[in-house]
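Using the hints provided, position chains W, E and Y relative to the given structure of chain H.
Heads up: the protein sequence lines correspond to chains H, W, E and Y, in order. Taking my numbering, the leading residue of the first sequence gets 1, the next gets one more, and so forth. Taking my numbering, the leading residue of the second sequence gets 1, the next gets one more, and so forth. Taking my numbering, the leading residue of the third sequence gets 1, the next gets one more, and so forth. Taking my numbering, the leading residue of the fourth sequence gets 1, the next gets one more, and so forth.
Derived from the structure by calculation, the hints contain no laboratory data. Accuracy of the hints is not assured; some may be wrong.
Remember, identical chains collapse to one label, so a pair may be satisfied in a single copy or spanning two.
[Stated by the list, open to error] DSSO-like mimics (lysine-lysine), calculated; alpha carbons at most 30 Å apart, straight line:
id: 1; residue 1: Lys145; residue 2: Lys35
id: 2; residue 1: Lys113; residue 2: Lys160
id: 3; residue 1: Lys113; residue 2: Lys145
4 protein chains.
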Amino acid sequence: MSEEYFTTPQLPTSALEKDEGIKATTENWFEYPVKAQPHHTDYGGIVWHGTYITWMEEARVECLRSIGIDFANLVVLGCDLPVVELSIRYHRSISLGTSAIVKTRLSDTQGAKMLWDYKILTVDTQTLCLTGRVTLVGVDREKGKIMRQLPPSFKDALVKLVRN
Amino acid sequence: MSEEYFTTPQLPTSALEKDEGIKATTENWFEYPVKAQPHHTDYGGIVWHGTYITWMEEARVECLRSIGIDFANLVVLGCDLPVVELSIRYHRSISLGTSAIVKTRLSDTQGAKMLWDYKILTVDTQTLCLTGRVTLVGVDREKGKIMRQLPPSFKDALVKLVRN
Amino acid sequence: MSEEYFTTPQLPTSALEKDEGIKATTENWFEYPVKAQPHHTDYGGIVWHGTYITWMEEARVECLRSIGIDFANLVVLGCDLPVVELSIRYHRSISLGTSAIVKTRLSDTQGAKMLWDYKILTVDTQTLCLTGRVTLVGVDREKGKIMRQLPPSFKDALVKLVRN
Amino acid sequence: MSEEYFTTPQLPTSALEKDEGIKATTENWFEYPVKAQPHHTDYGGIVWHGTYITWMEEARVECLRSIGIDFANLVVLGCDLPVVELSIRYHRSISLGTSAIVKTRLSDTQGAKMLWDYKILTVDTQTLCLTGRVTLVGVDREKGKIMRQLPPSFKDALVKLVRN
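Okay, chain H solo, but in the shape it has when bound (with noise of 0.2 Å):
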């Protein structure tokens, strides 16, 4: 598809941003690369917009692996991290066959809750095709409590996320 769906296309922006939790400054994404295989296709022979929720799911887990951060094993000491909001502005169809790069990066944290902002451009033009953003909160799993706080230790490796 040739058009773009907004005239002026731009990543949600939040009253949160103001707070005290932990910023991302504008050059810290994480890349994760994706191509669009015929399982993520619909009649339309472009990425069904479902989809998306997959990849970025995956690029979320894959980023906390790159900070120590193992998701499978965060689930077995207790604390799960599901998703309680989010939000996706489709800016262009990505078709069959074509690699893409979902932009994941975690732009604030706030108590138990974590923000992250997505960007998913083409590789070969850099098209960008999706923007949105999506917000996890930690829960006790034995308690099924969502906590006040996120784990320390867990805290303390997602700086390094904002800061390097």
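Only chains W, E and Y this time, still in chain H's reference frame:
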């Protein structure tokens, strides 16, 4: 999970609601029943957050069918309706085996855009689990271009969604 | 697609059918209706071959529910039923928007194993699109071990599937 | 799960292996790495049985790419390769966070049919988790008909898969 993720769950509001498009009345929800099957769940024993996108799409397609619009036929006739914007708040999780109702309604149209609101509630306790909004836009498949207006016959049919 | 992929479509047969497990009678199919939604399709405008696995699982779970077995409850009680073998023949494709019926029946049990047969047909022309067989085995979730027999109460309930 | 589901796990054998199509040598496996992400799992904390179909497809597409065949391009040129037969044995489950290798090879061709064999093993312990076979057939997209032979240039390229 017994705890609310948000203190004041509410549907996303929008400046768009002030303009002259089609308006939904409060009670005008289409209801689509779903059940949390094994393939919908993740390691937490609850519905994976991306699964809801499939339910929301199914509810929307069946809502259109209820007023005589066959989505597959629309595609054959050259009109596609890609999702261009999506926002979801996950209030409570849904466990394996749980029955739920996806409620949706067309809240507004603007040119070739359609805005759909969503609520998902469990059947037994009427617990609100998700609120969301999805924006779609009419695209001319042959030209690969966004339409200026939805096809007139399509727009005429949509009126049924907000007036009955 | 107007052409058959196989000249002699038939259900996989098996030596197992000779032994003393539960036997299905020819007419004993459970019917589960489905519809090909956009998220089920791929670039070809037809149902993606992996999608059928979700429909087959749903039909099996609902078939068990029809005789009073709640799969989610079984899991909570410590019995899981993983798939250990799967074979599918795709005879004809199913297009976006098409309604189909998933027919399934328990064809045999052997110790803790259950064998389920499948047929998927379109609603309007009764075209046979898929035949398949799925084998599941009872696993004790706590021990992580395959059971020697299915739980007696479960096996008793299964008898309803082959005798009515 | 520490127990084998089968006493004698083995690749499905086939009478087809006797005829004159392309033959794979024993060691000729293409290797495609995967990781069990949250969206791949089900309530059991393990990879859902249908997820493997996505991995097997990705491995097949990337194997073709490794010999210069771009699947998306093939589709654009009018040749589709639908799956017409699928058989899988699940030997062991794969848990959230586990890295695995999907091994695939073209074991045979017959007219317009291609037979692909699969093995999935964990990276760390080289545990065999799955064996399978997938049969695809070349279809002329415009005519909607099965080809009598795969396109010659395509067949020529396939030879690389079995001779290097």
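Hints versus structure:
1. Lys145 to Lys35: Between copies only: 24 Å across, 37 Å inside.
2. Lys113 to Lys160: within (17 Å within a copy, 42 Å between copies)
3. Lys113 to Lys145: within (13 Å within a copy, 38 Å between copies)
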